[in-house]
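Colleague: Here's the letter readout for the chains.
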Amino acid sequence: MSREVDDFFDEIETKIPEDVSRLVEKQMDIAEAIADAIDRNDFKNRKEFAQTIGMKPSMLSRILAGNANLTLKTITKIEAALETDIISITRSEAKAKVIYAMPMIDMKQTSVFISSEPTIQYTGSIIADTEIMSSEFTNAGIMENGARA
Amino acid sequence: MNLGFKLVRIKVGRKAKIYSIQYDGEENHEFHKFVTNPEVCNHPDYQALRKKIKELYDKRGLLPQYFRPEDERCLNPEICRIDYGVGYLRLYCIRWSDKMLILGGGGIKPNDIRFWQESTELSAAARKIANAFNLIHEYLKINNLKIEDILED
Numbered sequence: 000m001s002r003e004v005d006d007f008f009d010e011i012e013t014k015i016p017e018d019v020s021r022l023v024e025k026q027m028d029i030a031e032a033i034a035d036a037i038d039r040n041d042f043k044n045r046k047e048f049a050q051t052i053g054m055k056p057s058m059l060s061r062i063l064a065g066n067a068n069l070t071l072k073t074i075t076k077i078e079a080a081l082e083t084d085i086i087s088i089t090r091s092e093a094k095a096k097v098i099y100a101m102p103m104i105d106m107k108q109t110s111v112f113i114s115s116e117p118t119i120q121y122t123g124s125i126i127a128d129t130e131i132m133s134s135e136f137t138n139a140g141i142m143e144n145g146a147r148a
Numbered sequence: 000m001n002l003g004f005k006l007v008r009i010k011v012g013r014k015a016k017i018y019s020i021q022y023d024g025e026e027n028h029e030f031h032k033f034v035t036n037p038e039v040c041n042h043p044d045y046q047a048l049r050k051k052i053k054e055l056y057d058k059r060g061l062l063p064q065y066f067r068p069e070d071e072r073c074l075n076p077e078i079c080r081i082d083y084g085v086g087y088l089r090l091y092c093i094r095w096s097d098k099m100l101i102l103g104g105g106g107i108k109p110n111d112i113r114f115w116q117e118s119t120e121l122s123a124a125a126r127k128i129a130n131a132f133n134l135i136h137e138y139l140k141i142n143n144l145k146i147e148d149i150l151e152d
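Protein chains in written order, with numbering that gives the first Met the number 0: chain F, 0 to 148; chain V, 0 to 152.
Since the hints were made in silico from the structure, they are not lab data.
It should be emphasised that the depicted structure is a prediction, and the values quoted were computed from it without experimental measurement.
Be a bit skeptical, because a hint or two may be false.
To be verified - Once the Cα atoms are required to be at most 30 Å apart in a straight line, the calculated DSBU-like pairs of lysine-lysine come out as:
#: 1; chain 1: F; residue 1: K14; chain 2: V; residue 2: K145
#: 2; chain 1: V; residue 1: K98; chain 2: F; residue 2: K25
#: 3; chain 1: V; residue 1: K140; chain 2: F; residue 2: K14
#: 4; chain 1: V; residue 1: K14; chain 2: V; residue 2: K127
#: 5; chain 1: V; residue 1: K16; chain 2: V; residue 2: K98
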C-alpha cells in the first residue's frame, strides 16, 4: 500500500480539518434522516416527493448524497412536507433562561449567571427569583441587591 | 479470456471493503493515481471527499443514496461517482454490493463545461471503469466464478 493511499484513509500525515469533518458528518446525518423519512411516508418514490415540495429531482438527489449545504428554510420546508423533525435543537434549562434574560440585562453594569436552578446572580448577589423568569420580561423586572430597581 | 487487470484491496473498514483496479504492467492502481494527482489533492472539496468516503466504509455503510450514476444513458448505470458539494471533484466507482466498493480514477470537472464527456480526464476515467465493469461481468460469467474468486486480498 502506498503512503499516499494510507494517508488518504488513515490521516497519517494530513488530517481532515475538524470543521470539514463536522460539516460532512452533519450533511450525511441530515441526508439519511430525510431519506428515511421519505421512505416512511406514502410517496411513490423520491421523485414524487421532490415534485411535491417544488424541488428539482436533481437537487433532492444532491441533498440525499450529502452534498448540499441546506438552509434552515429548505430544511423546515422538507420537515413540513414530511411532518417530522429532521433536525432539533437541544436547549438546557440554563440556556433557555439566558435567551429570555439576555436582552433585558445591561451587561455593562451587571453580570448574569444562570444556573439550572431558577436563580439570577448579578452585581455579586445571588437572588432566587422565579418571578422574573415567568413574568413578562421588562426592565422593571430587574432587581439590584435584592430589591426591585 | 484475460481480464487485463486485477482488483486489489486497499482498505478494510467496519462496514465495507474497498478495492481498486490495477492494470497489468502498471505499478499503481487507479485510486493511487487519483490521490497522487496534485490538482485533485489541492481541490477545495478534497478533504470533504476524504471524510465522506471514510464515513461510508467505516460508519454508515455503502448506502445507495451516496452513489449517483454518472450517466445512465451513456455509461452503465452501475458506474457511479462519489463527489462533494456541486460535484466538481469526482471519483468514479462501482458499488458492487452493500459491502464492496471498487474505486477507479476521477478528476475535476472544469467550470466551463456542462457534461463530463467534455472533459478529457473525466471521460477517460469514466470509460475506463465502465469497461472494467463489463469485463468483470463477462469474465465471471464465462468462468462461472463469483467476484470473491478474483479479488486480490
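Colleague: Can you list which hints this structure breaks, lowest number first?
Modeller: Of the numbered hints given earlier, those the structure breaks are 1, 3, listed in rising order.
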